[in-house]
Amino acid sequence: MRWLGKMLLAWLALTGAALAEHDVDAIGDADRGAEVFKKCRGCHLVGAEAKNRVGPHLNGIFGRKAAAIDGFFYSKGLQRAASDGLIWDLERLDAYLENPKALVSGTRMSFRGLKDPHDRQDVLAYLRGFSDKPSDIPEAAPTAILHEVALPPEILAIVGDPEYGEYLSSECTTCHQRDGSDDGIPSITRWPTEDFVVAMHAYKRKIRPHPVMQMMAGRLDDEEIAALAAYFENLE
Amino acid sequence: MTLNRRSFIGTGVAAAATLSAPMVLAASHGKPRVVVVGGGAGGATAARYIAKGAKGAIDVTLVEPTRKYYTCFFSNLYIGGFRQLASIGHTYGTLAAEYGINVVHDWAIGVDRDARTVSLAGGAKLPYDRLILSPGIDFVDGAVPGWDVSAQNAMPHAYKAGSQTELLKAQVNAMPQGGTFLMVAPPNPFRCPPGPYERVSMVAHALKATNPTAKIIIADPKPKFSKMALFQEGWGRHYDGMIDWIGDDFGGGNVEVDPGAMTVSIDGEVTKADACNVIPAMKAGRICEQAGLTEGNWAPVSGHTMQSRIDENIHVLGDSCAQGDMPKSGFSANSQAKVAAMAIRGALTGSKVFPAKFSNTCWSLLETNDGVKVGATYEATDEKIAKVDGFISKTGENAALRQATFEESVGWYAGITADMFG
Numbered sequence: 017m018r019w020l021g022k023m024l025l026a027w028l029a030l031t032g033a034a035l036a037e038h039d040v041d042a043i044g045d046a047d048r049g050a051e052v053f054k055k056c057r058g059c060h061l062v063g064a065e066a067k068n069r070v071g072p073h074l075n076g077i078f079g080r081k082a083a084a085i086d087g088f089f090y091s092k093g094l095q096r097a098a099s100d101g102l103i104w105d106l107e108r109l110d111a112y113l114e115n116p117k118a119l120v121s122g123t124r125m126s127f128r129g130l131k132d133p134h135d136r137q138d139v140l141a142y143l144r145g146f147s148d149k150p151s152d153i154p155e156a157a158p159t160a161i162l163h164e165v166a167l168p169p170e171i172l173a174i175v176g177d178p179e180y181g182e183y184l185s186s187e188c189t190t191c192h193q194r195d196g197s198d199d200g201i202p203s204i205t206r207w208p209t210e211d212f213v214v215a216m217h218a219y220k221r222k223i224r225p226h227p228v229m230q231m232m233a234g235r236l237d238d239e240e241i242a243a244l245a246a247y248f249e250n251l252e
Numbered sequence: 017m018t019l020n021r022r023s024f025i026g027t028g029v030a031a032a033a034t035l036s037a038p039m040v041l042a043a044s045h046g047k048p049r050v051v052v053v054g055g056g057a058g059g060a061t062a063a064r065y066i067a068k069g070a071k072g073a074i075d076v077t078l079v080e081p082t083r084k085y086y087t088c089f090f091s092n093l094y095i096g097g098f099r100q101l102a103s104i105g106h107t108y109g110t111l112a113a114e115y116g117i118n119v120v121h122d123w124a125i126g127v128d129r130d131a132r133t134v135s136l137a138g139g140a141k142l143p144y145d146r147l148i149l150s151p152g153i154d155f156v157d158g159a160v161p162g163w164d165v166s167a168q169n170a171m172p173h174a175y176k177a178g179s180q181t182e183l184l185k186a187q188v189n190a191m192p193q194g195g196t197f198l199m200v201a202p203p204n205p206f207r208c209p210p211g212p213y214e215r216v217s218m219v220a221h222a223l224k225a226t227n228p229t230a231k232i233i234i235a236d237p238k239p240k241f242s243k244m245a246l247f248q249e250g251w252g253r254h255y256d257g258m259i260d261w262i263g264d265d266f267g268g269g270n271v272e273v274d275p276g277a278m279t280v281s282i283d284g285e286v287t288k289a290d291a292c293n294v295i296p297a298m299k300a301g302r303i304c305e306q307a308g309l310t311e312g313n314w315a316p317v318s319g320h321t322m323q324s325r326i327d328e329n330i331h332v333l334g335d336s337c338a339q340g341d342m343p344k345s346g347f348s349a350n351s352q353a354k355v356a357a358m359a360i361r362g363a364l365t366g367s368k369v370f371p372a373k374f375s376n377t378c379w380s381l382l383e384t385n386d387g388v389k390v391g392a393t394y395e396a397t398d399e400k401i402a403k404v405d406g407f408i409s410k411t412g413e414n415a416a417l418r419q420a421t422f423e424e425s426v427g428w429y430a431g432i433t434a435d436m437f438g
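So the sequences go chain by chain: G and B. Note that this note's numbering has the first sequence beginning at 17, numbered continuously upward. Note that this note's numbering has the second sequence beginning at 17, numbered continuously upward.
No lab work stands behind these hints: they were computed from the structure. Only a predicted model underlies this, so the values are computations on that prediction, with no experimental measurement involved. Idealized CB from N, CA, C, for every residue including glycine. The reader is advised that the hints may include incorrect statements.
[Stated by the list, open to error] Examples of chain B residues toward chain G, derived with CB under 7 Å:
1. 248
2. 249
3. 370
4. 420
5. 427
6. 431
The shape of chain B in the complex, shown without the other chains (with noise of 0.2 Å):
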């Protein structure tokens, strides 16, 4: 059997563990080789970008343990039954077809930084020249007292989009007539800063339908939170005397689950919950600490082209990278994916380097067509990615403009999906 590219494409996990390294290895021709390991809004943009530029002078494969990848952004719209399921699915066909990516289905479980390899969970070892890493996110062990991932069925964190926002999603509409649902929501810095906020809001708006003596109550550690006075000013407008946010200053921060009783003590207080959304505090995704380049819970990279501060051969991106102001978001990934992107076609085969520019915005969905949105864009310092202007929607805006802001989110998903996935 020869590799080539056609019989690499949608190899499992199974196909994959009969590759040896020889054999990936013959399939690079001499060309430079990246990595790029995780499929989402940093993995998937770089990976296009780099293919697309380099015209076939660079070797590009991509790790990515899921088939069909379900987006973050757009999951609560999920939730709050304004998407289905599939729009927010993505397949990786096209970056394999039409720009020749080796797109491996797997887990990478180890780096070897002086070998420059990637070990992946079928046996196979991937050599690159340039190793990206955009994993996302894990969960801090023992965050919340009485959660871990084995309680993730009974309260499912939904911060990793698909079966579990589909659970969370028939536990909110399974719920009795007056009950209550509760979140926990994550300590600073985490994915998503408004996440947990539309995430309510979105459950609000599909209560207010089925369940309108329901209530929701957030725990949260935080004394405040992205966008605060727009989602206050929602849900005081929206969904009046529904939602409860118990912040750092009431015991927000002072909480204990227990999953088997579904009850969550809130400073000492406690409550039955009748779904229960425990978002913990997070990390870099776990293979950033395997490879050695995280520094406390993040892997700090350079701004000016996103590599390690650690290991110059290898790139962080997105929600697991230490950068400075940026937010972890999928359109922070997205746009530090091209910057990565230049940078290594630059190093690997002498294409022009542009100075960093990154941009970042934001949409959340408060009720239906009312939007809100939050951005800023960024340059590359030697200290950190730093902020350059901003702007946020404002409180008492007029009913098109809000309609306005959601139709563009709308757009928004369009064009970064495009951007990623091709």
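Chain G extracted, bound-state conformation (with noise of 0.2 Å):
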């Protein structure tokens, strides 16, 4: 009877998989996003009549290269992520939305954050509307989210040894200048723990578009992002 174990096996494999598939939630709330957008209204305009003002207009912006929007004058750490290859997916706004300056080191927008992901995804399913939708071009950006880019807290509290960030930091320094300079690669230096940490997970996870950057992080565990971050912040 071992042929009907493995059909059983086979059959949950199917299902499960089926099921993977449908376990995803819309975005958010469309409407209530709507409200959460007058936060942003003040520099950002989306719909027919859109223009760019502080900052640039959004129609569209689901699957549009990050500085991309003609005439728009761009901070340099917006068209060096461009560079590196920057497209806002779902998950790139979220992220973007959540601390403008863990994904784009330098950006001019000047905004602290929707630390609540609810009011993030409300605010994304309402910009979804003004972007191309999957029923239009099939190949558009999902209209769905499936998971959190967060980092648990857990690892936000991790205490780095400085001494040990001290070494680690030296293959840090051959590229990013110890005095902060920031001609062709950006400074590292006095960031707060918090946005060096999570910039350094987004780069670990590829969120952050970078090979060179992506590869560092990459083999870097928890304590040691924690100690270079505790290393840089108080480097005089």
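Once you've looked at the hints, go ahead and assemble the two chains, each given alone in its own frame, into the complex.
Rendered as structure tokens:
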């Protein structure tokens, strides 16, 4: 009767996969998102008449290359992220709304971020309505969210060992300068610990684009990232 | 005369010759002594990291013949006209003044491993508890038939930066219209694997502006080379029809040169060259061989500490060592120097030692704002330094990414030279 067991396993695998396919939620509540978006409207417009203001208009933001609207003056940081390959998909938009500076160092979007994931999801559901939809073009970005990018509190709570950080930092300072100069390569000194840790994990998970940083962060464990953050935060 | 750091700083060969060994010994005050031979990416970094970390508890002496050190990395950009020579020249004043390193401008000519001393051409003997050898490369005698260092004015190698680089650039600029630039490329392993091919790109860039009908021929003993697809795509895009690469399959390894006649025979066919860059096969800097630390052409080391496998009191860094998977590059030497510095401080002063980690990235410039890169991370195993993960630029990348890659390389240059020279 072993074949029966095998068939059962195969059936479970199939239905499991099918279930997994449906294990997604709508991005959020677009109507509520329209309310949340009022916080953004001072700088960003969306809709038929939308023009660039302090920030670029947000029509067609899903699937758009970062810093891609002609005639809008983007920060050096956002231009750098764009040339590294940043594309505004759901995951990156969510990360950017949560903490703009964690995703794009040096962005001029001086907004603290939406810390409540529901606020972000709702506002993204609202904005999704102003981008191309899968019903119109099949290859458009999905309209559902699969998982979150926030770091668990225990990772943020790790207190780094600055002495270990100093040793590890010697790998960073071959490119990033200790004095904070940022020509061609961004400055990494004096960052708040949390921003540093979040940015490094964003590279490690390949949410932030840049092959060198993805590789360097990829082999650092949670303790090592915390140690580096502790060292660079207090670098004179 | 009592010797102190200040009077030692900047003493030349002649002054160093007047110093006797006991005077040098007297400067140590019983502190552990580290002597570093070679002031490039390996040696300067190691000296600085030991001095910085030990805060005066270790006496560090750096032996480097040149007062102004020109980095090999970015010297191709000078040939292409993208950098001034002065911008790749560095001095040792900060290492001496701010880090208290004894900088001795002299040649190390021998190591007495039993007595633990290094002798200098000027006559001094430097005692050490730990010795770091980071002398870069020398050329294998007879590697290119017809060429030896006495021919390096007619056919420069330009693989140690400085006057050789200036000479090669001048010869490229002096080529007649429609003339031929010929490069004899080296066999593996050699310093800076993409270096010869970046150089060809830079020569092509210079010729395109002033001498567009000129030809470039590369005679190569290898069947393939670093970032080959990226270089060949770039050459096709920017310098179409100008560059001929003759690999091993077509006799590129069967070469003989005549520096007097300025001719090169490639697989029996003789070509007249208007400028000829001969990059011979390489070996560890001669001092490694003199110290008896080499097996074959290179000095084997342990990846955990960069200690010589033959003498545990000596660490060999950078191009000279045989360590495993890392390419011979300034970035690699700088990375290895930090591991050695940590191990030496641990051994001499008991400071904390962490597991060795290494990394490397090599950027190359193909044409204005068209930069590419290749890199990897490494770890130490008992057997060797082993590759962990890597990446390489892709063919067909957009112009913005290529420009960002070039700008990143400029930032890296500022970063690594600050890391080396303070």
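Checklist entry - Hint by hint, which ones does this structure get wrong, listed from lowest number up? => result When the structure is compared with the hints, numbers 1 and 2 turn out to be violated.
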